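Protein sequences appear in the order of chains A and B. Letter by letter, the first sequence follows residues 99 to 320 of the numbering used here. Letter by letter, the second sequence follows residues 99 to 320 of the numbering used here.
Treat the hints with care, as some may be off.
All copies of an identical chain are treated as equivalent in the list; a pair is satisfied when it fits inside any one copy or across any two copies.
As the list claims (entries may be wrong) - Simulated pairs of lysine-lysine, DSSO-like, Cα-Cα distance not exceeding 30 Å:
1. Lys285 to Lys130
2. Lys111 to Lys211
3. Lys167 to Lys130
4. Lys228 to Lys130
5. Lys211 to Lys257
6. Lys167 to Lys111
Don't read these hints as lab results, they were simulated from the structure. All values reported here derive from a predicted model rather than from experimental measurement.
Protein chains: 2
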Amino acid sequence: MQTHFEKELAALKEKLLTMGSLAESAVTRAVKALVDRDDDLARQVQAADDELDALEVEVDDLAIQLLSKAPLASDLRLITVAMKISHDLERVGDEATKISRRAIDLGREPQLKPYVDIPRMTTMALEMLKGALDAFVRRDSAAARAVIPRDTEVDALNKQLHRELASFMVENPANISRCLSLMVISKSLERIADHATNVAEEVVFLFEGRDIRHQLKGKALA
Amino acid sequence: MQTHFEKELAALKEKLLTMGSLAESAVTRAVKALVDRDDDLARQVQAADDELDALEVEVDDLAIQLLSKAPLASDLRLITVAMKISHDLERVGDEATKISRRAIDLGREPQLKPYVDIPRMTTMALEMLKGALDAFVRRDSAAARAVIPRDTEVDALNKQLHRELASFMVENPANISRCLSLMVISKSLERIADHATNVAEEVVFLFEGRDIRHQLKGKALA
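Please model the complete structure; the sequences and the hints are all you need to start from.
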């Protein structure tokens, strides 16, 4: 039978997973709003972001309550990691909101070119996020470790797209404002992959007790 | 006389303040490297960032140890807030590193225009950061609250500079790569002000027990 503490810990995990699915669906909808030029969908993303903000505050409240009752070092670690993961998921929601705002701006002008790299980056970033959260649920630190190197691929795609958009600007100044918006979107997706990497690193720390942050740091900032 | 726990708590605060001064000096040097076109100085910033990364890990280790011994709810709050502030300061270091990299890139090309807004934004962002950390040291939640509205000014300067740089791009495609670098720097400064705002909000939470995050959210993302 579960103790009261165990039940509260389970509720904390449950809230995190709710945040995870809200964040994933916000990103999916923001990029769909861009591709389909759908302003209504873009505005839904912004509304969903408030829910993520509220959940982050709830997770922190519950976490601080639970810290005073945590009997084991492993529980303390779980609770602090939960606060960090919650912060990352809230930030993913912020990036989705940024994407949705740029989608609305871009919807007011003719489309610059078919979107290929952006949907690819989205798929990769969301796979990373799902992978990191699944690793958390399944207590699988090897799976969490497998997420981390994928960040390099997303970084590379972001850089490639950045170069391509910069050359579109040079070709024709009329492209500049749309290119800037697309650069912001691409950067947001790259940052979502960074948050997924953070979550994966936190899961490794949780189950292995080893802090592996900052080991690939040079790369992440490049 | 201080107990062992109190001594460790004091050591935790001390580490945070060390991080605060490292972060401030990293930003100051990165912007000085830009203005003075000084590559050596820019490279020093990147080296100092490793120190911040290491301190963030030390703060987390110490914090998790202390959580298991914290007798009071206010100590638990202090410890979790310390972890959050430490994360914000480490991120300020990341932004300083980004600025220093762009400073090196910009040093390879003729200067686009005299830097006026960037030093102004830097002063404002650093005043906010110092204000938030001073409020933490002096346990002054009113001073922390006073930091928060200043974020709007930094946001406004960033937007103004962004528009100006976009019009420079349109005027002459030869300006594009330099303008993109300056946009990145301006955005980094704006984000440093966001981190200062986070620290201020955390200080308010610590001393008032009220979570005031996400209240000005629409603005921060605008």
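Now the hints, each set against the structure:
no.	hint	result
1	Lys285 to Lys130	both (17 Å within a copy, 26 Å between copies)
2	Lys111 to Lys211	neither (42 Å within a copy, 52 Å between copies)
3	Lys167 to Lys130	neither (44 Å within a copy, 49 Å between copies)
4	Lys228 to Lys130	within (18 Å within a copy, 42 Å between copies)
5	Lys211 to Lys257	both (18 Å within a copy, 26 Å between copies)
6	Lys167 to Lys111	both (16 Å within a copy, 24 Å between copies)
The structure is inconsistent with the numbered hints 2, 3, although it conforms to all the rest.
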